[in-house]
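These protein sequences, in sequence, are chains S and Z. Residue numbers are given in this note's numbering: position 247 of the first sequence equals residue 255, and the series is strictly consecutive. Residue numbers are given in this note's numbering: position 61 of the second sequence equals residue 125, and the series is strictly consecutive.
Because the hints were derived from the structure by calculation, they are not lab data. One thing to keep in mind: the hints can contain errors.
Said to hold, decoys possible - Below, a sample of chain Z positions facing chain S; criterion: calculated Cβ distance under 7 Å: (1) ALA131; (2) GLU132; (3) ALA154; (4) PRO161; (5) PRO171; (6) TYR189; (7) THR196; (8) VAL197; (9) ALA241; (10) ALA365; (11) ALA369.
No experiment lies behind these values; they were computed from the predicted model shown. Even glycine gets a Cβ: it sits at the ideal position worked out from N, Cα and C.
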Amino acid sequence: MKIVVPVKRVVDYNIKPRVKADGSGVETTGVKMSMNPFDEIAVEEAVRLKEKGVASEVVVVSIGVQQAQDTLRTAMAMGADRAILVLSEESPEPLAVAKVLKAISEKEQPGLFILGKQAIDDDMNATGQMLAGLLGWGQGTFAGKVDVADGRVKVSREIDGGTEDISVALPAVVTADLRLNEPRYASLPNIMKARKKPMETLKAEELGVDMARRLTVVSVAEPPQRQAGVKVGSVGELVEKLRNEAKVI
Amino acid sequence: MTALVLLDHEEGRIRKSALSAVTAASQLGDVHVLVAGDAAVAQVAAAIPGVTKVLHAADAQYAHELAEPLAALIVSLAGNYDHIFAAASAVGKNVLPRAAALLDVQPIPDVVSIVDANTFVRPIYAGNALATVRSSDAKKVLTVRGSAFDAAPAEGGSASIETVAPAANLNVSEFVAVHLSDSERPELESARVVVSGGRGLQSEEKFHILEPLADKLGAAIGASRAAVDSGFVPNEFQVGQTGKIVAPELYLAFGISGAIQHLAGMKDSRVIVAVNKDPEAPIFQVADYGIVGDLFEIVPALTEALN
Chain S
9 MKIVVPVKRV VDYNIKPRVK ADGSGVETTG VKMSMNPFDE IAVEEAVRLK
59 EKGVASEVVV VSIGVQQAQD TLRTAMAMGA DRAILVLSEE SPEPLAVAKV
109 LKAISEKEQP GLFILGKQAI DDDMNATGQM LAGLLGWGQG TFAGKVDVAD
159 GRVKVSREID GGTEDISVAL PAVVTADLRL NEPRYASLPN IMKARKKPME
209 TLKAEELGVD MARRLTVVSV AEPPQRQAGV KVGSVGELVE KLRNEAKVI
Chain Z
65 MTALVLLDHE EGRIRKSALS AVTAASQLGD VHVLVAGDAA VAQVAAAIPG
115 VTKVLHAADA QYAHELAEPL AALIVSLAGN YDHIFAAASA VGKNVLPRAA
165 ALLDVQPIPD VVSIVDANTF VRPIYAGNAL ATVRSSDAKK VLTVRGSAFD
215 AAPAEGGSAS IETVAPAANL NVSEFVAVHL SDSERPELES ARVVVSGGRG
265 LQSEEKFHIL EPLADKLGAA IGASRAAVDS GFVPNEFQVG QTGKIVAPEL
315 YLAFGISGAI QHLAGMKDSR VIVAVNKDPE APIFQVADYG IVGDLFEIVP
365 ALTEALN
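Please take these sequences and the hints and turn them into a complete structure.
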């Protein structure tokens, strides 16, 4: 079984995002970019399934600008076998990404897609669900545990009140939550090896996908900032302030 | 204009954030709601003021709010509506994007403010920026952040209840089991007070030190990602960018350093109290009241002081 893992190049999670002065977006030029952390978890899970003999091949795909090839090389250093870069503008919308992935699916015929549950830039949490819808496949989102057996994938999902176990027929789409696994660090020899792994480059238009945005960004603004309050010296003082100043207890 | 709101529910109760979605939808016009499964919930939904019709999906395939049948059902009903809403809950986030894709619509997740029928505000980058976006899609498919809108009241309405015909089901997924944490405490997302613990609690056993305090305050218990990753408490306790987003009247953070992704989940709380032994912890930059010290002394003392 082949597994396809889409990966996104995003502002590194350690960098505090800065809103552009003209309010058109968040600054991404001259900022450290990395693989979306949830996508690292997805890559790790796919590689583990290959190591267990469940998967035969792991293909990583990124849809974005040329520099996304670095993200794909990172995924291959973690153990993915080959990569497909689909060139488009930076950070296309989930609907367009899902359509590109559907076209990739028709070419590659995977048994499973594993995606990160959300990208930490636009926080959409939508692409996996949308891809599953377009393909007419089942979906196991927010996965904390994944077991593939007998033509099905059993997914333990993180839900609001606890966890939920579902069983989905293959082919299927799974989205990775935080605790699915701890992604490995790529070793230097594997980083070197990844440079020689195959990478195919396509243009979104070649796949016949309309990448036009449906959402226009009117403005991007900083949220109101909270001011630091006061440090109090004792529990007694805290209780007094909560009672009489904040009037919250 | 009429909006359809998916009302998700758990153990016979409508999720509070789904009631917030009703409030959001009612800003645009008439509201119909969709209840999948539990007939008793459909009855409860009929009493929500502002709701004019309850669509009840009674068929057994909808009992567990699985994404595939529920998204197909929403698509089958979508023709009558300009806007389709759900809470940004586990169910809403699972189902609505799938329905949106089937409708060829780009969904708008986590809406915190409605500017007009086409224009919405949503946080991006873990709440470090607020984006105002305008949709060119004919239908809008949105999820609503519960902490940004008041919950619709439970009583006062008298909507009609209509049973809807099932839509074609792909039969590709099956519910196996659900494991909910037993708790007599209020729901984390709707509690007036939240008592939260981080890595500073040190272990699963020691985390229990927060319980008497939470009991005294009638509070829900939350946790940072570090505490969940360390196994002190299960995932459903997590407050943050990828966990629950809360905005209680009072949020007490014990042994939580205040990583950006945690702050994203609680910085809209009205009053924040932080207790940490590190005076430089970033949590103090958002706290109204801070105490630098040992939480294992401060928590029992605070519990005692509230007697």
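Quick rundown of the hints versus the structure:
1. ALA131: 5 Å, holds
2. GLU132: Status holds, d = 6 Å.
3. ALA154: At about 4 Å, which falls below the 7 Å cut-off, the nearest Cβ of chain S leaves the hint on ALA154(Z) intact, so it holds.
4. PRO161: 4 Å, holds
5. PRO171: 6 Å, holds
6. TYR189: 4 Å, holds
7. THR196: Holds, about 4 Å.
8. VAL197: 4 Å, holds
9. ALA241: Constraint on ALA241(Z) satisfied, holds at 5 Å.
10. ALA365: Where the cut-off is 7 Å and the nearest Cβ of chain S is about 4 Å from ALA365(Z), the hint holds.
11. ALA369: 5 Å, holds
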